[in-house]
Amino acid sequence: MPDYDVIVVGGGMVGVSIAFGLARQGQRTALFDEGDIAFRAARGNFGLVWVQGKGSQCPEYASWTRRSAELWKEFDQDIRAQSRIDTGYIATGGLHFCLNEQDFERRDQMLSRMVDDSHNQFQYQMLGRAALIDRVPLIGSKVLGASFCPQDGHVNPLGLLHALHLGFQAQGGVLRIEKVQNLSCSDSVFKVTSSSSVLTAHKVVLAAGLANKNLAPKLGLNIPVFPQRGQILVTEKIKPFLNYPTSLVRQTKEGGVLLGDSHEDVGFNDGTSIQVMHDIAHHARSMFPFLDRARVVRAWGALRIMSADGLPIYDQSEQYPGAFSASTHSGVTLAAAHSLDFSRFVVEGKLPSHLDKFSEKRFHVH
Amino acid sequence: MFIKLSTPEVETVSLNFEGKVIQARQHLSVAAALLESGISHFRDTPVSHSARSPFCMMGVCFDCLLIIDGLPNQQSCMTQVREGMVIQRQSGEADLLNDHAGQNGAHHE
Chain A
1 MPDYDVIVVG
11 GGMVGVSIAF
21 GLARQGQRTA
31 LFDEGDIAFR
41 AARGNFGLVW
51 VQGKGSQCPE
61 YASWTRRSAE
71 LWKEFDQDIR
81 AQSRIDTGYI
91 ATGGLHFCLN
101 EQDFERRDQM
111 LSRMVDDSHN
121 QFQYQMLGRA
131 ALIDRVPLIG
141 SKVLGASFCP
151 QDGHVNPLGL
161 LHALHLGFQA
171 QGGVLRIEKV
181 QNLSCSDSVF
191 KVTSSSSVLT
201 AHKVVLAAGL
211 ANKNLAPKLG
221 LNIPVFPQRG
231 QILVTEKIKP
241 FLNYPTSLVR
251 QTKEGGVLLG
261 DSHEDVGFND
271 GTSIQVMHDI
281 AHHARSMFPF
291 LDRARVVRAW
301 GALRIMSADG
311 LPIYDQSEQY
321 PGAFSASTHS
331 GVTLAAAHSL
341 DFSRFVVEGK
351 LPSHLDKFSE
361 KRFHVH
Chain B
1 MFIKLSTPEV
11 ETVSLNFEGK
21 VIQARQHLSV
31 AAALLESGIS
41 HFRDTPVSHS
51 ARSPFCMMGV
61 CFDCLLIIDG
71 LPNQQSCMTQ
81 VREGMVIQRQ
91 SGEADLLNDH
101 AGQNGAHHE
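Same order as they appear, the protein sequences are chains A and B. Okay, so the first sequence: first residue is 1 according to my numbering, each after it adds one. Okay, so the second sequence: first residue is 1 according to my numbering, each after it adds one.
It should be emphasised that the hints constitute simulated quantities derived from the structure, not laboratory data. Ideal Cβ positions, reconstructed from N, Cα and C, are used throughout, including at glycine. Wrong hints could be hidden among the right ones.
Sample of chain A residues facing chain B (criterion: CB under 10 Å; computed from the structure) [claimed, not checked]:
no.	residue
1	Phe241
2	Arg293
3	Val297
Using the sequences plus the hints, can you model the full thing?
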């Protein structure tokens, strides 16, 4: 008999969300985390549970995102029950600021299409300047308005990751801080070889972020992901001024302000650069001019797990049907769906048809 | 709380802490000077509003934060005393809109 029901490779946001869900269903689960040498996108993200605009070109992605946002409350209660940690999750709705008429109209058109595509399941409203000032009194004079989506929210991403790791183990899950070096399968039993152990399982889930690309072929999978860098600045703690997360500026419950939303193709370089930090600060200042008095106390770069069309990649190996893969840059938003839905699909042994759209087969040239 | 080691006499500077004038040896950090004067309550945390004193005295713990010459959230263990410094407790988060930071902070480099 194999050592485990399921081995999850990758202890970041995607892997631990799935592992938490597996343990919750009573599966004997082991989770491998590479440790501090890994790129660890889960330790660099912004903390949005974000619905508006996601999947504007792909209704299936929009629907999967909404599904996760709807599950987030239940998911958060689960996490709290198992870990006793407050993830800071709050579903206030989110804002996207528009700087001119053209921005505003384009945003309205795009989101209106999303309402139609979703058969009115997606909700939003456009706020003119007066309505925006009611919600955000300190908004800068250059901001013309905003889109508001009540389905958006935010969370402390490090708190979430920590809580999931604890909650996974509290439910009997086994966490191993070891780099996975090899994967193989014979007679429907998977063998996972790490730097210091060899473990076996009925099933394997590849959720190793950027490392999925190289691990995939060993299990008959193909996961074409690549790094896209984002940089984030954090200010000193200042008095609360922003009660809603936005795509560019987010004030944490503790008072620090996160500034971000950059996209760079710089390979496996997760550092920072003066130019991008300057642009982020400049942009944030045009939204909130008083922030030029806030001191930045930390900055970092992190690598998103990107696909050519920006959508997640989910697959089940045809060669070894017990092997599944999950890759996405949206680990926080989708954490609830990964934990409550995806883990169930793994237990059932089959991905549902509504995830067909996310197979890597979409990249094959016909 | 602290006993001063015997050291050669050095010149002192005058600081103003919460309206009270304090003499401080001129080579000290603000944090060391206040502790030497018997002041231990430096700041109140933004989250639980509990009182804090310096902990590491070497720039990493951020527990010695003070408002110094109008600039909030200054690491007092990393700031040397200067004649005439005006120092206040850092109570909770910085208020960038209403406290002195708006006037003085803008000129500070």
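Hint check results:
1. Phe241: holds, 8 Å
2. Arg293: holds, 5 Å
3. Val297: Check passed: Cβ of A:Val297 comes within 8 Å of chain B, closer than 10 Å.
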